[in-house]
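**Student:** The whole structure should be built from the sequences, with the hints applied where relevant.
2 protein chains.
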Amino acid sequence: MTNNEDMLYEERVDGEVRFEGKIINVFTDRVRLANGKIDYREVIRKNGGVCVVPVTEEGEIVFVNQYRYAYGKVVREVPAGKMEKDEDPLLCGLRELSEETGYTAKNVVPLGVFYPSPGIMDEVLYMYYATDLTLGETHPDEDEFVTVERIPFEKAVDMVLGGEIVDGKTQTAILKAWLLKQKGVL
Amino acid sequence: MTNNEDMLYEERVDGEVRFEGKIINVFTDRVRLANGKIDYREVIRKNGGVCVVPVTEEGEIVFVNQYRYAYGKVVREVPAGKMEKDEDPLLCGLRELSEETGYTAKNVVPLGVFYPSPGIMDEVLYMYYATDLTLGETHPDEDEFVTVERIPFEKAVDMVLGGEIVDGKTQTAILKAWLLKQKGVL
Numbered sequence: 000m001t002n003n004e005d006m007l008y009e010e011r012v013d014g015e016v017r018f019e020g021k022i023i024n025v026f027t028d029r030v031r032l033a034n035g036k037i038d039y040r041e042v043i044r045k046n047g048g049v050c051v052v053p054v055t056e057e058g059e060i061v062f063v064n065q066y067r068y069a070y071g072k073v074v075r076e077v078p079a080g081k082m083e084k085d086e087d088p089l090l091c092g093l094r095e096l097s098e099e100t101g102y103t104a105k106n107v108v109p110l111g112v113f114y115p116s117p118g119i120m121d122e123v124l125y126m127y128y129a130t131d132l133t134l135g136e137t138h139p140d141e142d143e144f145v146t147v148e149r150i151p152f153e154k155a156v157d158m159v160l161g162g163e164i165v166d167g168k169t170q171t172a173i174l175k176a177w178l179l180k181q182k183g184v185l
Numbered sequence: 000m001t002n003n004e005d006m007l008y009e010e011r012v013d014g015e016v017r018f019e020g021k022i023i024n025v026f027t028d029r030v031r032l033a034n035g036k037i038d039y040r041e042v043i044r045k046n047g048g049v050c051v052v053p054v055t056e057e058g059e060i061v062f063v064n065q066y067r068y069a070y071g072k073v074v075r076e077v078p079a080g081k082m083e084k085d086e087d088p089l090l091c092g093l094r095e096l097s098e099e100t101g102y103t104a105k106n107v108v109p110l111g112v113f114y115p116s117p118g119i120m121d122e123v124l125y126m127y128y129a130t131d132l133t134l135g136e137t138h139p140d141e142d143e144f145v146t147v148e149r150i151p152f153e154k155a156v157d158m159v160l161g162g163e164i165v166d167g168k169t170q171t172a173i174l175k176a177w178l179l180k181q182k183g184v185l
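Protein sequence lines, in the order shown, are assigned to chains A and B.
So the first sequence is numbered by numbering that gives the first Met the number 0: it starts at 0 and just counts up by one.
So the second sequence is numbered by numbering that gives the first Met the number 0: it starts at 0 and just counts up by one.
Hints may contain errors.
Remember, identical chains collapse to one label, so a pair may be satisfied in a single copy or spanning two.
Straight line, CA to CA, 30 Å or less: simulated DSSO-like cross-link-like pairs of lysine-lysine [stated by the list, open to error]:
| no. | residue 1 | residue 2 |
| --- | --- | --- |
| 1 | LYS180 | LYS105 |
| 2 | LYS36 | LYS21 |
| 3 | LYS81 | LYS180 |
| 4 | LYS72 | LYS36 |
| 5 | LYS81 | LYS36 |
These are calculated hints, taken from the structure and not from any lab test.
**Tutor:** Here it is as structure tokens:
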């Protein structure tokens, strides 16, 4: 351990592409540490993501329940999705909201960014808070199966605190929106 | 979209190992969707993780600043690490806390779990709140470079709300601990 910030830097020496997928690419790089030693890094690179906390006029958060194959179970999350290359995060968020829930939003406020797993992945996920919702038709991605659920905001906060909502971005975005509302910022 | 929960299930048809690393393994699987169609999933499998929100007697949270190669910059996070296979998450958290900051904790309370990126990865990360800290010697992993920083709890919450703290698990764990303290649960 050191207290010198410069001593933290890691310089890439060389590396290899190990997997090129539709969603992720995986690299193994050799890096030179501050002490001159060579170390090894596994890095997942992927496009950024977006999530939206949509709140209805009745004060309910709109969730989607979706089968998450990696966990082998249904996970309750706020609407979210991957950005296409060079897609604007706000437009991506509105698109995913509409596709997954049928809602469009007239008022959208950024809630900052979220690094899902900084030790291994470069993804930046943008969070938004959306109100003035109008329910139109759903336009799901072909072969995307989700169920929509509305939960009162305060109950959703209690579900995060009580461990019933486990998705990371969903926990952060809901608690952040709740505290910003308490402070009168939202 | 459907409103039938059973319609969300995806059945594995077959798959391939595409990358076997020290930290992650990557698979591509074919799955059968609820509508009978075949789709494709990229899945990252890794051991679980742990993070700890350590709070000193003076009411400061102990952070570590660490170079995150995937982002090419230093990221401020609460102490965290990967579980060894079959390692107890609580013991892992205490080990990482001690290795990265030198603190040992006499009182540790679970803050629930955190799914970093459920669309692509199976990691479960356990969060803890730790008090009754004693500063001993640091026992860093060989070649692990971090700097330690203490920030008053309320200021740290404001830094999360203001976007100065971007790591996902750190945002969730701090806001969760803050709200649980407000409720008198912690």
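**Student:** State for each hint whether it applies.
**Tutor:** Verification of the supplied hints:
1. In this homomeric assembly, LYS180 and LYS105 come within 30 Å of each other (Cα to Cα) only inside a single copy, at 18 Å, whereas the closest approach across copies is 35 Å.
2. For a Cα distance limit of 30 Å, the shortest separation of LYS36 from LYS21 across copies, 18 Å, qualifies, whereas the shortest one inside one copy, 34 Å, does not.
3. Proximity of LYS81 and LYS180 under a CA criterion of 30 Å is satisfied intra-copy only: 27 Å inside one chain copy versus 34 Å between copies.
4. With identical chains, the CA atoms of LYS72 and LYS36 are at most 30 Å apart between copies only, with a shortest distance of 19 Å across copies and 42 Å within one.
5. In this assembly of identical chains, LYS81 and LYS36 lie within 30 Å of each other by CA distance solely across copies; the values are 22 Å between and 36 Å within a copy.
Violated hints are absent here; each numbered hint is respected by the structure.
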